[in-house]
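Could you put together the complete structure from these sequences and hints?
Sequence lines, in order, name chains A and B. Just so we're aligned: 227 in our numbering is position 227 of the first sequence, and the numbers increase by one with no gaps anywhere. Just so we're aligned: 55 in our numbering is position 55 of the second sequence, and the numbers increase by one with no gaps anywhere.
In short, the hints are calculated from the structure, not lab data. Check each hint, because a few of them may be wrong.
Which copy? The list can't say, so a pair holds if one copy fits it or any two copies do.
Unchecked claim - Below 25 Å or equal to it, Euclidean Cα-Cα: the simulated DSS-like pairs (lysine-lysine) are:
hint, residue 1, residue 2
1, LYS373, LYS246
2, LYS205, LYS161
3, LYS124, LYS298
4, LYS296, LYS43
5, LYS296, LYS373
6, LYS296, LYS246
7, LYS214, LYS246
8, LYS373, LYS298
Each chain, letter by letter, is given below.
2 protein chains.
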Amino acid sequence: MINRLTFDLKATSGDARAGIIHTDHGDIETPIFMPVGTAGTVKAVHQSELRKDIGAQIILGNTYHLYLRPGCDLLRQAGGLHQFNGWDRPLLTDSGGFQVFSLAENRKIKEEGCTFRSHIDGSKHLFTPENVMEIQRIIGADIIMAFDECAPGDSDHRYAKRSMELTHRWLDRCIKRFGETEPLYGHHQALFPIVQGCQYEDLRKISAEYIASKDPEGCAIGGLAVGEPTDVMYRMIEVVNSILPKDRPRYLMGVGTPQNILEAIERGVDMFDCVMPTRNGRNGLLFTAEGTINIKNKKWESCFEPINPMSAAEADRVYTLAYLHHLIRAEEILGLQICSIHNLRFYLWLVGEARRHILAGDFPAWKNGMIQKLGRRL
Amino acid sequence: MINRLTFDLKATSGDARAGIIHTDHGDIETPIFMPVGTAGTVKAVHQSELRKDIGAQIILGNTYHLYLRPGCDLLRQAGGLHQFNGWDRPLLTDSGGFQVFSLAENRKIKEEGCTFRSHIDGSKHLFTPENVMEIQRIIGADIIMAFDECAPGDSDHRYAKRSMELTHRWLDRCIKRFGETEPLYGHHQALFPIVQGCQYEDLRKISAEYIASKDPEGCAIGGLAVGEPTDVMYRMIEVVNSILPKDRPRYLMGVGTPQNILEAIERGVDMFDCVMPTRNGRNGLLFTAEGTINIKNKKWESCFEPINPMSAAEADRVYTLAYLHHLIRAEEILGLQICSIHNLRFYLWLVGEARRHILAGDFPAWKNGMIQKLGRRL
Chain A
1 MINRLTFDLK ATSGDARAGI IHTDHGDIET PIFMPVGTAG TVKAVHQSEL RKDIGAQIIL
61 GNTYHLYLRP GCDLLRQAGG LHQFNGWDRP LLTDSGGFQV FSLAENRKIK EEGCTFRSHI
121 DGSKHLFTPE NVMEIQRIIG ADIIMAFDEC APGDSDHRYA KRSMELTHRW LDRCIKRFGE
181 TEPLYGHHQA LFPIVQGCQY EDLRKISAEY IASKDPEGCA IGGLAVGEPT DVMYRMIEVV
241 NSILPKDRPR YLMGVGTPQN ILEAIERGVD MFDCVMPTRN GRNGLLFTAE GTINIKNKKW
301 ESCFEPINPM SAAEADRVYT LAYLHHLIRA EEILGLQICS IHNLRFYLWL VGEARRHILA
361 GDFPAWKNGM IQKLGRRL
Chain B
1 MINRLTFDLK ATSGDARAGI IHTDHGDIET PIFMPVGTAG TVKAVHQSEL RKDIGAQIIL
61 GNTYHLYLRP GCDLLRQAGG LHQFNGWDRP LLTDSGGFQV FSLAENRKIK EEGCTFRSHI
121 DGSKHLFTPE NVMEIQRIIG ADIIMAFDEC APGDSDHRYA KRSMELTHRW LDRCIKRFGE
181 TEPLYGHHQA LFPIVQGCQY EDLRKISAEY IASKDPEGCA IGGLAVGEPT DVMYRMIEVV
241 NSILPKDRPR YLMGVGTPQN ILEAIERGVD MFDCVMPTRN GRNGLLFTAE GTINIKNKKW
301 ESCFEPINPM SAAEADRVYT LAYLHHLIRA EEILGLQICS IHNLRFYLWL VGEARRHILA
361 GDFPAWKNGM IQKLGRRL
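Below, the structure is given as structure tokens:
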């Protein structure tokens with residue numbers, strides 16, 4: 001068991017970084033995209049496909065969902081989420097904060113924590129910094145997140161500041177309880193605090209400094225891509241990353257489009273997650289290196305070319321765009337499976353290429369060329 | 001290209017038969033179960049999983065569904081269904097008769113054929129023996145079916161007789177048009193006529209004799225498992241199989257439970273299809289060699305054993321019953337995928353074991369032991 005999650009910075013190209021995160025479940029080459037496995041499954045994708053076809057190195061679980069179902073008793077009995085779902089590479093869990101604010105009903109924020117009602121059965125629950133640490137010990141992810149308030153994107157400065165200060169007090173309580181508890185399954189867990197502060201530069205600075213002062217194993221940036229203009233998001237990333245320690249991985253939570261990811265990599269972010277490739281994929285939107293495809297469009301009906309003949313994913317090579325068009329139009333489950341695999345493989349390919357170009361020293365030129373293409377609608 | 005589909009009868013055990021069907025897309029070892037790929041996809045299952053995990057040797061497509069969507073123009077452009085969906089082993093299509101009678105609206109049966117409205121968009125269509133041959137030429141399956149009326153299971157003798165006679169007249173028209181047309185894609189297609197006659201022994205006898213007189217490449221038995229008692233179904237199979245040629249494969253359409261399949265194998269049937277393993281699978285019902293499992297039941301919640309550690313399907317070996325319980329309860333797509341793979345693999349395992357025991361000469365004893373177990377609820 002490692003004592004501490006470590007990060008080897010291998011190369012930089014401007015502010016863009018290529019590194020390796022070492023965990024007890026293996027290494028993660030950064031920059032990396034982490035497929036979201038909300039309820040212990042990346043929707044419509046087999047674990048073997050995540051490994052062999054998509055090349056996922058780490059996936060996410062959502063504390064909020066896993067706490068509600070299957071629940072802590074069962075996850076403890078199973079020996080943690082790795083054992084429960086058969087994923088043997090690194091796992092990360094969020095803290096449930098974001099879901100409580102976006103999914104749960106009747107939520108009430110107090111100093112102690114947050115009460116809410118389950119979106120599944122209406123049952124009443126309380127998340128506190130302390131019990132969220134305990135829940136994440138039980139889930140057993142390699143990287144776990146501090147409990148935070150994710151304030152609305154349009155919060156005024158006064159609310160944003162109070163919310164950030166609450167998040168900081170909650171962080172101290174997370175760190176305390178984290179220190180008082182041990183991992184349950186024989187592998188190390190790293191706690192990442194989360195920078196908040198909405199779209200206010202002064203707050204982002206204060207929050208980044210507060211987080212950096214805690215000597216964290218890695219740092220997360222939360223509360224972005226919640227409706228603000230992308231240039232504001234990019235500016236906030238710049239402000240925060242100028243302060244966060246350079247020798248720790250940086251995780252931009254819940255972001256985003258392929259373009260967002262390249263812009264954030266250029267600004268020094270190492271880790272990403274987003275439901276976009278799977279959720280939009282289930283609606284028939286394909287991300288490709290040449291732009292996006294709405295596979296429902298008539299123009300793909302008779303395109304008998306493989307989805308991507310060069311892809312590492314078998315589904316991309318063996319199925320045609322015409323067949324996928326048919327499957328999605330006919331609302332066939334296999335269509336959801338293929339779109340999910342395709343998009344996740346594309347995201348993993350994209351961050352892999354970004355890494356390759358950072359190591360080669362030509363990231364900015366490559367990135368500028370890609371950005372031109374990624375926004376096109378094919 | 002073969003001139004004629006051939007059937008090598010390798011062994012018998014009582015009336016049970018083990019054989020090999022030779023087609024231009026490869027051999028099929030019988031008795032065989034054929035997964036149903038209604039709209040050109042076996043729901044929730046990748047083609048590679050059908051090959052590697054499930055061991056499918058032949059799959060079905062439904063003429064009714066494929067005719068409506070993606071439609072004949074597109075299938076023709078694609079080069080047939082094999083090219084369209086990437087399945088390179090044998091394919092069988094039904095004639096659309098059953099679906100017209102079970103799914104379509106406003107159907108009207110006339111001597112000419114059957115008019116109906118699409119269940120998708122209400123558009124009006126006509127199926128005739130002639131155009132159903134042409135449609136199946138375009139789809140391009142290795143085995144195609146004659147257009148028949150599948151009379152309701154509770155039809156009186158008078159209706160059943162008239163319906164059977166219509167089916168026979170339609171068969172003659174099918175054979176004529178089939179003979180006037182050529183395969184479109186360079187591989188042989190075999191036309192199987194269908195024995196009808198509801199639950200009337202005299203009609204089944206007449207129908208089987210009529211079909212046998214046509215020197216068909218294979219014979220199908222339709223209109224069973226439509227509500228009649230199973231012993232009536234088994235009796236009808238006996239009557240029909242005592243007449244059908246011994247050197248041609250026999251296909252019992254749309255049947256059934258694992259027990260039905262073993263009973264029918266014992267009575268000389270070689271080929272089966274049914275939506276049960278996939279449809280019931282999507283509802284959380286698992287078929288196993290020890291009986292059926294309703295995976296939603298609380299008793300499986302904390303059963304951390306693999307679904308089937310001895311299975312040829314990776315999904316059976318890597319996922320636990322507890323995880324599958326969670327996925328189905330949480331209505332996750334991966335749950336549908338796993339249940340579908342599991343049940344199809346079980347069906348293929350079952351017919352493979354039946355074949356092994358026919359070849360070994362101990363089929364009846366094995367079958368009687370299995371029947372005891374298959375009906376249990378675990």
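Verification of the supplied hints:
Taking the shortest Cα distances, LYS373 and LYS246 never come within 25 Å of each other, neither inside one copy (31 Å) nor across copies (63 Å). Taking the closest pair of Cα atoms, LYS205 and LYS161 come within 25 Å of each other only inside a single copy of the chain (12 Å); across copies the shortest separation is 86 Å, beyond that limit. Taking CA atoms no more than 25 Å apart as the test, LYS124 paired with LYS298 passes between copies only; the shortest distance there is 22 Å, against 47 Å inside one copy. In this assembly of identical chains, LYS296 and LYS43 lie within 25 Å of each other by CA distance both inside one copy and across copies; the values are 20 Å within and 19 Å between.
In this assembly of identical chains, the alpha carbons of LYS296 and LYS373 lie at most 25 Å apart only when taken from the same copy (21 Å versus 46 Å across copies). Taking the shortest Cα distances, LYS296 and LYS246 never come within 25 Å of each other, neither inside one copy (44 Å) nor across copies (48 Å). Within a single copy, LYS214 and LYS246 get their C-alpha atoms as close as 14 Å, which meets the 25 Å cut-off; across copies the closest is 81 Å, which misses it. Only within a single protomer do LYS373 and LYS298 lie at most 25 Å apart by alpha-carbon distance; the minimum there is 22 Å, versus 51 Å between protomers.
Of the numbered hints stated above, those contradicted by the structure are hints 1, 6, listed in ascending order.
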